[in-house]
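Put chain B on the given structure of chain A with help from the hints.
Just so you know, the sequences run in chain order A and B.
So the first sequence is numbered by the working numbering: it starts at 1012 and just counts up by one.
So the second sequence is numbered by the working numbering: it starts at 2 and just counts up by one.
In short, the hints are calculated from the structure, not lab data.
None of the values given here were measured: they were computed from a predicted structure.
Treat the hints loosely; a few may be bogus.
[Said to hold, decoys possible] DSSO-like mimics (lysine-lysine), calculated; alpha carbons at most 30 Å apart, straight line:
(1) B:34 / A:1179
(2) A:1158 / B:103
(3) A:1230 / A:1095
(4) B:103 / A:1095
(5) B:86 / A:1134
(6) B:64 / A:1208
(7) B:86 / A:1158
(8) B:22 / A:1095
(9) B:76 / A:1158
(10) B:12 / A:1090
(11) B:6 / A:1158
(12) A:1095 / B:76
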Amino acid sequence: MKIALFSDIHANLPALEAFFADVEKRNPDSIYCLGDLVGYNIWPNEVVNEIRKRRIPTIAGNYDFGIGRMSNECGCAYKTDAEKDNGNISISFTNSLMKDDERAYLRTLPAHIKVEFQLNEDKLNLLLVHGSPRKINEYLFEDREEKSMLRIMEQADADIMCFGHTHKPYHRVLNSGIDGQDHFRHAVNIGSVGKPKDNDIRGGYVMLTVDENSSVLNKESISVEFIRFDYDFEKAAKAVEDSPLPNEYAENLRRGY
Amino acid sequence: MELPKDLHYSKEHTWVRIENKTATVGITAFAQKELGEIVYVDLPNVNHNFNQDEVFGSVEAIKTVSDLFMPLSGKIIETNEHLLKEPTLVNSNPFDNGWMVKIEIEDLIETENLLTAEQYAQLNN
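Same shape as in the complex, but just chain A (with noise of 0.2 Å):
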């Protein structure tokens, strides 16, 4: 079962364009999406679209459930007057492109999807979150403390955990197991589409893949693959620049940052 997972498209078409190319080529069983559709970029609308009409199972980001009640928070952390400015453009900007079906759409979305798998007389729960489980808009970067982790982990009754927010791709393994029994539980970041936040400028998303031999008994039974994609960043930094958005997210998009 091959399963593929991207997220924090932000209004970036030509990156969702790429991003459908390349997954198309690998044909996966599912796709999903983790949300942040919209915001930063010129085709909240398109984006919405695109991924609709798919059909494809999509939850809401931070930015969605902001945009989708017409809100002027989007539940970012900024930390500078500078971010914050600049993210007042984003948001106001975005919510005067939204039109009201597809804000509909961002207002109805789910907070989490959760699979279960059953294999090898045993339960395999795959849960999908924007941010993490308790919070659309909390940063789980790469640096938490594995305590903190497995916590949150464990209150879900994840054993894999698939999150975007931060836009910067990792795997951690960790093992939450009592008396010598092994429980290895997987938090995978699946990085960003159309905002890069690594210094990569590509597109990435990832491809899960669990087989008939998957538990949480064997940390190497579940594969975790980060895909980068190429697609016309220039075109995606050009429309930021000729937009009333700053100059700065054009920027951005130029640097994987």
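What follows is chain B alone, placed relative to chain A:
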């Protein structure tokens, strides 16, 4: 920013309310504001002993995780269980309902290492 005068403060942004040999400990309004929305507070078990300045727990906020440093040596006698269900009490009411632990103070002389409200305010100007 709110800074009650009757409390002691540490450089690590905890406050202490001393009543006889008991100290109530929390984090300051400044600290909660810097952290942003708090989603989980990891507190120690009752009867656990800590030294002054030792890490006794952590606060998990939306963007970051921060250790909690014990302002005075002592034994944990109570933890604020309301924070398990409602960690944002630390944001909304840091000096009152957002308290974190109560300790039995080992030696009051350690309060000499703490700051007054004025000294803490100067430090964070």
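Checked hints:
1. Note on residue 34 of chain B and residue 1179 of chain A: the hinted pairing holds, with a Cα-Cα distance of about 26 Å set against a maximum of 30 Å.
2. A hinted pair counts as satisfied when its Cα atoms are at most 30 Å apart, and residue 1158 of chain A with residue 103 of chain B qualifies at roughly 24 Å.
3. For the suggested pair residue 1230 of chain A and residue 1095 of chain A, the alpha carbons sit about 41 Å apart, so the restraint of at most 30 Å is broken.
4. Proposed proximity of residue 103 of chain B and residue 1095 of chain A is contradicted: the alpha carbons are some 38 Å apart, above 30 Å.
5. Restraint check: the Cα-Cα separation between residue 86 of chain B and residue 1134 of chain A comes to about 29 Å, which is no more than 30 Å; the hinted pair holds.
6. Taken as a hint, the residue 64 of chain B and residue 1208 of chain A pair is honoured in the structure, with Cα atoms around 15 Å apart against an allowance of 30 Å.
7. A threshold of 30 Å between alpha carbons decides the hint, and for residue 86 of chain B with residue 1158 of chain A the separation of about 19 Å falls inside it, so the pair holds.
8. About 45 Å separates the Cα atoms of residue 22 of chain B and residue 1095 of chain A, which puts this hinted pair outside 30 Å; it is violated.
9. Between residue 76 of chain B and residue 1158 of chain A the CA atoms are separated by roughly 23 Å; this keeps the pair inside 30 Å, and the hint holds.
10. Among the hinted pairs, residue 12 of chain B with residue 1090 of chain A is consistent with the structure: their alpha-carbon atoms are about 22 Å apart, no more than 30 Å.
11. Restraint check for residue 6 of chain B and residue 1158 of chain A: the C-alpha separation of about 36 Å exceeds 30 Å, so the hint is violated.
12. Between residue 1095 of chain A and residue 76 of chain B the alpha-carbon distance is near 43 Å, which puts this suggested pair outside the 30 Å criterion.
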